[in-house]
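Novice: Sequence:
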Amino acid sequence: MRHELEEREARFLDPRAQLSRETRGRLKPETECTLRTAYQRDRDRIVHCKAFRRLKHKTQVFLSPTGDHYRTRLTHTLETSQIARTIGRALALNEDLIEAVALGHDLGHTAFGHGGESVLNDLVPGGFFHNEQSLRIVDILEKNGEGLNLTHEVRDGILKHSKGRADPILLDPEARAETLEGQVVRVADITAYLNHDLDDALRAEILSADAIPPDIRMHLGARHSQRIHAMVEDVIHSTLEGDLIEVRMSEAMLARVDQLREFLFEHVYDLPQVREEFRRVRKIIEDLFDVLMKDDAVFREEIGTPRDGTLKERQVYDHIAGMTDRYALDLYKKIFLPKPWMKL
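Number 268 in numbering that gives the first Met the number 0 belongs to position 269 of the sequence shown; there are no gaps in the numbering.
Keep in mind the hints are simulated off the structure, nothing from the lab.
One or more hints might be untrue.
Here are the simulated lysine-lysine pairs, DSBU-like style, with alpha carbons at most 35 Å apart [unchecked claim]:
id, residue 1, residue 2
1, K332, K311
2, K311, K333
3, K338, K311
4, K55, K142
5, K55, K293
6, K311, K49
7, K332, K282
Each pair of labels, with its calculated beta carbon distance range [to be verified]:
id, residue 1, residue 2, range
8, P337, E285, 15 to 21 Å
9, A174, Y326, 31 to 37 Å
10, E6, H223, 37 to 43 Å
11, D257, D209, 20 to 26 Å
12, P28, K49, 23 to 29 Å
13, Y326, R23, 32 to 38 Å
Source: prediction; values computed, not measured.
Even glycine gets a Cβ: it sits at the ideal position worked out from N, Cα and C.
Make the full structure from the sequences, and use the hints.
Specialist: What follows is the structure, encoded as structure tokens:
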């Protein structure tokens, strides 16, 4: 069955697509599956890993949201995967590789969204980057230290998906994913978070629809679905017009993406009430880091026996980075807040 699936890829995908049978391999050689291609196996390993399940309780933008319809890291990941597969299918690329990269790209995100990442960035020597932590999870931390042993192409796509505030598409070829499929995920990630963060801000009544810049409403659309469609369509046509050498957006769309990003930073991400929540998050994470480093009993209870060959600080960083919002809050309450008296 695997050979048949690989033959279908060779027959129907674009010549520039990454074929499963042409993978550069895994960190540790292993026997191939008789039913699934290499990238299908990677996708399945990610979906079944613990770090993937934790995404449902990690903040996207709004900290520990109680509303049922706000995004979490898990729903963001699924939306990114859907958008990426739509682009990949239109370009005749390898959807299994795209899906694997998309589902794994945010495994390394901390609790409390970018607020949590900012705190760890100050604590970790050399800085903390969630894309590098995602790769560390699939390479080392999952399966009790065995890792998931993913293919080179999936690992490369996970590592190089991150965008930062500037240069979202990464015009520097050295910084882009090696495969077109990995590049698709990067663009899909940007498309997903820009649009659903805007949608969540409207739902939370932080913004009104009239506050959205007129140029965005005119050219991308007044509704959530229209804006996603406009960006996806632009990526597909611009990439095809460029002879599928790289995954790209038109200059006009890039300008609107930058405009929308700056609008969200000014009117959502950098709001005083959001910054105040991040200040509280900083205290929670700094206090947890401090007690895990200084109290051996707490370290053993929460993390376990120190691992040979791994610095204690590294184990603490990994543990905190893997926490969900709920777990971090519960642990903080357990360690630092007074407990009510009970009748003995």
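Novice: Quick one, are K332 and K311 close enough, alpha carbons at most 35 Å?
Specialist: Holds - the C-alpha atoms of K311 and K332 are around 23 Å apart, at most 35 Å.
Novice: Please verify whether K311 and K333 have alpha carbons no more than 35 Å apart.
Specialist: Given that 35 Å is the threshold and the Cα spacing comes to 22 Å, the pair holds.
Novice: Does the alpha-carbon distance linking K55 and K293 stay inside the 35 Å limit?
Specialist: Satisfied, since the Cα-Cα distance of roughly 30 Å is no more than 35 Å.
Novice: For P337 and E285, compare the CB-CB distance with the range 15 to 21 Å and indicate the outcome.
Specialist: This hint holds: roughly 20 Å between Cβ atoms.
Novice: Quick check: does the Cβ-Cβ distance between P28 and K49 fall within 23 to 29 Å?
Specialist: Holds: the Cβ-Cβ distance is about 25 Å, inside 23 to 29 Å.
Novice: For the hint 20 to 26 Å, verify it against the beta carbon of D257 and that of D209.
Specialist: holds, 22 Å
Novice: Can you confirm whether the C-alpha distance between K338 and K311 stays at or below 35 Å?
Specialist: holds, 29 Å
Novice: Could you grab the alpha-carbon distance between K311 and K49 and see if it respects the 35 Å cut-off?
Specialist: This hinted pair holds, its Cα atoms lying about 22 Å apart.
Novice: For K332 and K282, compute the direct alpha-carbon distance and say whether it is at most 35 Å.
Specialist: At roughly 13 Å apart (the allowed maximum being 35 Å), K282 and K332 satisfy the hint.
Novice: Does 31 to 37 Å hold as the CB distance between A174 and Y326, or does it fail?
Specialist: For A174 and Y326 the Cβ distance comes to about 33 Å; the hint holds.
Novice: Given the hint of 32 to 38 Å, is the C-beta distance from Y326 to R23 inside that range or not?
Specialist: Given range 32 to 38 Å: holds, Cβ gap about 36 Å.
Novice: Taking only the CA atoms, is the gap from K55 to K142 under or equal to 35 Å?
Specialist: holds, 19 Å
Of the numbered hints listed earlier, not one is contradicted by the structure.
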